[in-house]
Amino acid sequence: AQSVTQLDSQVPVFEEAPVELRCNYSSSVSVYLFWYVQYPNQGLQLLLKYLSGSTLVESINGFEAEFNKSQTSFHLRKPSVHISDTAEYFCAVSGGFKTIFGAGTRLFVKA
Amino acid sequence: NAGVTQTPKFQVLKTGQSMTLQCAQDMNHEYMSWYRQDPGMGLRLIHYSVGAGITDQGEVPNGYNVSRSTTEDFPLRLLSAAPSQTSVYFCASSKDGSSSYEQYFGPGTRLTVT
Numbered sequence: 260a261q262s263v264t265q266l267d268s269q270v271p272v273f274e275e276a277p278v279e280l281r282c283n284y285s286s287s288v289s290v291y292l293f294w295y296v297q298y299p300n301q302g303l304q305l306l307l308k309y310l311s312g313s314t315l316v317e318s319i320n321g322f323e324a325e326f327n328k329s330q331t332s333f334h335l336r337k338p339s340v341h342i343s344d345t346a347e348y349f350c351a352v353s354g355g356f357k358t359i360f361g362a363g364t365r366l367f368v369k370a
Numbered sequence: 006n007a008g009v010t011q012t013p014k015f016q017v018l019k020t021g022q023s024m025t026l027q028c029a030q031d032m033n034h035e036y037m038s039w040y041r042q043d044p045g046m047g048l049r050l051i052h053y054s055v056g057a058g059i060t061d062q063g064e065v066p067n068g069y070n071v072s073r074s075t076t077e078d079f080p081l082r083l084l085s086a087a088p089s090q091t092s093v094y095f096c097a098s099s100k101d102g103s104s105s106y107e108q109y110f111g112p113g114t115r116l117t118v119t
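If you read the protein sequences in the order shown, they are chains A and B. Sequential numbering of the first sequence, starting at 260, is according to this note's numbering. Sequential numbering of the second sequence, starting at 6, is according to this note's numbering.
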């Protein structure tokens with residue numbers, strides 16, 4: 260069985276500050292790891308994913324996440340956030356035809 | 006490509022009524038799934054399908070039925086609506102059942118059961 264824990268339900272941050280959204284997972288089998296973003300009143304969109312290889316993965320809009328197998332973590336970071344990054348972010352693990360999502364972290368960027 | 010489409014966008018039902026939430030995709034994806042999203046609980050998998058004619062249960066299947074007669078469509082049926090089924094429902098699809106493929110989500114259906 261798989262599970263995902265997002266350690267912060269809400270993260271307020273000022274514009275241009277760095278941010279880290281934390282995600283821990285557990286699984287008895289190999290899994291793939293994803294971060295999705297949900298803007299208000301929309302469905303989820305893929306932000307980035309880790310399948311294999313380099314443990315650091317990046318998105319096109321400046322986010323990055325690092326897979327840490329020993330700590331079973333996949334934290335999401337951005338060195339400088341924008342107002343437009345305000346959204347809910349979901350960490351997810353996939354294995355065996357099922358994807359399990361975390362409860363979500365609401366990122367609120369303040370001017 | 007329209008991607009994943011869902012109808013209706015909003016629905017209000019009375020307890021005991023039945024209805025079908027529609028989902029369609031035009032990407033020729035084999036894998037489709039239904040989730041419900043509730044505050045503080047993330048997305049929970051209701052049912053999924055790895056291809057036409059093949060469906061299976063997710064984490065929270067009770068009170069819901071699905072079928073998959075074509076690759077494109079994956080309707081979700083509520084047999085007898087209950088207030089506990091008030092939620093936002095998302096349909097998603099991916100290339101196949103391999104866990105390495107990301108899912109593409111529809112815009113959601115907001116359901117209220119009174």
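The hints are simulated quantities; they were obtained by calculation from the structure and are not laboratory data. Being a predicted model, the structure only gives us computed values, none of them experimental. Hints are not guaranteed to be accurate.
Ranges of calculated distance between the beta carbons of each label pair, as one might list FRET restraints [stated by the list, open to error]:
1) B:D61 with A:H341: 12 to 22 Å
2) B:V17 with A:N327: 22 to 32 Å
3) A:T331 with B:M46: 17 to 27 Å
4) B:Q27 with A:Q304: 16 to 26 Å
5) A:S289 with B:V17: 38 to 48 Å
6) A:Q304 with B:K19: 45 to 55 Å
7) A:V288 with B:D101: 43 to 53 Å
8) A:A276 with B:Q22: 16 to 26 Å
For every residue, glycine included, the Cβ atom is placed at its ideal position computed from N, Cα and C.
Against the structure, the hints come out as follows:
no.: 1; hint: B:D61 with A:H341: 12 to 22 Å; in the structure: violated (41 Å)
no.: 2; hint: B:V17 with A:N327: 22 to 32 Å; in the structure: violated (45 Å)
no.: 3; hint: A:T331 with B:M46: 17 to 27 Å; in the structure: holds (21 Å)
no.: 4; hint: B:Q27 with A:Q304: 16 to 26 Å; in the structure: holds (21 Å)
no.: 5; hint: A:S289 with B:V17: 38 to 48 Å; in the structure: holds (43 Å)
no.: 6; hint: A:Q304 with B:K19: 45 to 55 Å; in the structure: violated (34 Å)
no.: 7; hint: A:V288 with B:D101: 43 to 53 Å; in the structure: violated (18 Å)
no.: 8; hint: A:A276 with B:Q22: 16 to 26 Å; in the structure: violated (48 Å)
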